[in-house]
Amino acid sequence: MTSLRPDLRIIADNVRAGSRVLDIGCGDGALMAALRDERGVDARGLELDPGDVSTAVSRGLSVVQGDADVDLEGYPDKSFDYAILSQTLQTTRYPARILDELLRIGREAFVSFPNFAYWRVRSSLLVGGRMPVTPHLPMLWYETPNIHHVTIDDFRALVADRAITVEGEWFLAANRPRKGALANLFAEHAVFLLKR
Amino acid sequence: MADAPPLDQRFGLNRQIVLPGPLMLDCGAALSPVQIAYESYGSLNAARDNAVLICHALTGDQYVASTHPATGKPGWWVRMVGPGKPIDPERHFVICVNVLGSCMGSSGPATVNAATGRPWAMDFPVLTIADMVRAQAMLLDHLGIGTLAAVIGGSMGGMQALSWPALFPDRVRSAVIIASTARHSAQNIAFHEVGRQAIMADHRWCGGHYYGNEEGPSSGLAVARMAAHITYLSEEGLTAKFGRNLQDRDSKTFGFDADFQVESYLRHQGISFVDRFDANSYLYITRAMDYFDLAEGYGGNLANAFMGTRTRFCLISFDTDWLYPTVESRRIVHALNAAGAEASFVELSSPFGHDAFLLESPEMNRIVDGFLRAGGLS
Numbered sequence: 001m002t003s004l005r006p007d008l009r010i011i012a013d014n015v016r017a018g019s020r021v022l023d024i025g026c027g028d029g030a031l032m033a034a035l036r037d038e039r040g041v042d043a044r045g046l047e048l049d050p051g052d053v054s055t056a057v058s059r060g061l062s063v064v065q066g067d068a069d070v071d072l073e074g075y076p077d078k079s080f081d082y083a084i085l086s087q088t089l090q091t092t093r094y095p096a097r098i099l100d101e102l103l104r105i106g107r108e109a110f111v112s113f114p115n116f117a118y119w120r121v122r123s124s125l126l127v128g129g130r131m132p133v134t135p136h137l138p139m140l141w142y143e144t145p146n147i148h149h150v151t152i153d154d155f156r157a158l159v160a161d162r163a164i165t166v167e168g169e170w171f172l173a174a175n176r177p178r179k180g181a182l183a184n185l186f187a188e189h190a191v192f193l194l195k196r
Numbered sequence: 001m002a003d004a005p006p007l008d009q010r011f012g013l014n015r016q017i018v019l020p021g022p023l024m025l026d027c028g029a030a031l032s033p034v035q036i037a038y039e040s041y042g043s044l045n046a047a048r049d050n051a052v053l054i055c056h057a058l059t060g061d062q063y064v065a066s067t068h069p070a071t072g073k074p075g076w077w078v079r080m081v082g083p084g085k086p087i088d089p090e091r092h093f094v095i096c097v098n099v100l101g102s103c104m105g106s107s108g109p110a111t112v113n114a115a116t117g118r119p120w121a122m123d124f125p126v127l128t129i130a131d132m133v134r135a136q137a138m139l140l141d142h143l144g145i146g147t148l149a150a151v152i153g154g155s156m157g158g159m160q161a162l163s164w165p166a167l168f169p170d171r172v173r174s175a176v177i178i179a180s181t182a183r184h185s186a187q188n189i190a191f192h193e194v195g196r197q198a199i200m201a202d203h204r205w206c207g208g209h210y211y212g213n214e215e216g217p218s219s220g221l222a223v224a225r226m227a228a229h230i231t232y233l234s235e236e237g238l239t240a241k242f243g244r245n246l247q248d249r250d251s252k253t254f255g256f257d258a259d260f261q262v263e264s265y266l267r268h269q270g271i272s273f274v275d276r277f278d279a280n281s282y283l284y285i286t287r288a289m290d291y292f293d294l295a296e297g298y299g300g301n302l303a304n305a306f307m308g309t310r311t312r313f314c315l316i317s318f319d320t321d322w323l324y325p326t327v328e329s330r331r332i333v334h335a336l337n338a339a340g341a342e343a344s345f346v347e348l349s350s351p352f353g354h355d356a357f358l359l360e361s362p363e364m365n366r367i368v369d370g371f372l373r374a375g376g377l378s
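Chains A and B supply the protein sequences, listed in that same order.
Using the numbering used here, read the first sequence as starting at 1 and increasing by one per residue.
Using the numbering used here, read the second sequence as starting at 1 and increasing by one per residue.
There's no promise every hint is true.
[To be verified] Mimicking SDA-like on lysine to any residue, the simulated pairs with C-alpha atoms at most 20 Å apart in a straight line are: (1) K78/A with T231/B; (2) K195/A with V159/A; (3) K252/B with T231/B; (4) K179/A with A163/A; (5) K78/A with K252/B; (6) K85/B with R59/A; (7) K78/A with H334/B; (8) K241/B with Y265/B; (9) K78/A with E342/B; (10) K85/B with K179/A; (11) K241/B with G255/B; (12) K78/A with G308/B; (13) K78/A with A201/B.
These aren't lab readings, by the way, just hints derived from the structure by calculation.
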């Protein structure tokens, strides 16, 4: 088994076998390949970067080059069991609209993102007075694709505001699972399973 | 391989068959008999499930990976088809068919109408892309091929490859559509009309009845080719290749000779084209492309053409292709998504415009190879 990024591993372990999945921002298809090979999942992908799309297609995956902000509307309602958005929400122009789209297309949705309220990020900003650069947020402010930084508590508020139910939540720190207590301070990364 | 008849006259280079037909055409006419020229490479396996149909573009032909009999040039897609290539005769049974209406051995305006004993000329029925596809299916019946492992084509070949799963959903498992479109745009039709008018304005066209004459409408056909050729290239590509460079001279001549390299190049493209192509065929095939709008037969909704399809699709476009730009491929992809089809799509970067699909593109080969192998033929 190839080593999946930890947030992808959590998603892979919690997708029902044999389900239909749309992976939005699927990169080179690592999660899709794992879902296909380990769980017999019918996985489709959407990815912005042409190099990643080429790699994914050449490994036999069905991936379409496109932009989550504009290319989701063609997918019919509830055409997938899961819509997955991993480490992509914070790069989209309209994150709230994307959330709605995820739960229109998928019966459930997995969303993972780096937590901007993680204590190292906070201290970097507090002490250094500069936009944080951490292992999960490795790029400088003018190079990062992350245009909508979000914290776990922000995300919870958005989800509650849009009448979305949290069906499951997982947190990571230093790439290891950790409990939910004080997650907004101590989790570097969060994975949510959502339903409407 | 051992099960394939070793000396089956149906298979091999430079094949031609006359099928009784009739082939019912979209215009209402019935074509009978139907003459079809084609080539095949490799062997049909025992399960008869390794056939790959390659569809050629407007002025292409069946010589996809063998020497062209008229020009002596290598096949038009040897970069994609051959030993070690994504389409490999070692693994695939490769078929390429000269489209109906063309002039390389399949029924077209230059072939003899059995009823009159003279070339059809403009009495040949007007064709559609679907007619070309139905003729290919008729040939597959003759060859004993029920289902294609894959159909693949670029440009007009892509229109055929896209039409295959819509017309014969049970006969094609994978479809690769490169640098193509689901319908001809007003701009596409406009450029073709310029070409057709150039041919028909040539006094040697004679209403299409030039076959017995010393010379056909070669000037008109050359101009048509020149105009079309511009649409196959990109501004970036033309600038890189020619810029404003002068042709074999140090200064402008203040005349109308080919002062610029780009003029000389286009003239050469036009002149060499008339040696290998029939002007009436050019009229008929461009007409078929202009009539192409796959959604038209499905209430204007392209997704309906693919509802419930089990065919896998792979689409590739090129960023400098302004003839069939990426947005056209994306329209197809959106329709396929709406139909729940298994679809892949990528826009590749190339400076060469529409013609990029015929040129060296390791990325295109990597994608096609991976896509075909995932379809089950490795």
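Here is how each hint holds up against the structure:
no.	hint	verdict
1	K78/A with T231/B	41 Å, violated
2	K195/A with V159/A	10 Å, holds
3	K252/B with T231/B	26 Å, violated
4	K179/A with A163/A	25 Å, violated
5	K78/A with K252/B	66 Å, violated
6	K85/B with R59/A	16 Å, holds
7	K78/A with H334/B	16 Å, holds
8	K241/B with Y265/B	10 Å, holds
9	K78/A with E342/B	16 Å, holds
10	K85/B with K179/A	52 Å, violated
11	K241/B with G255/B	23 Å, violated
12	K78/A with G308/B	16 Å, holds
13	K78/A with A201/B	56 Å, violated
Comparing the model with each earlier hint shows violations of hints 1, 3, 4, 5, 10, 11 and 13; every other hint is respected.
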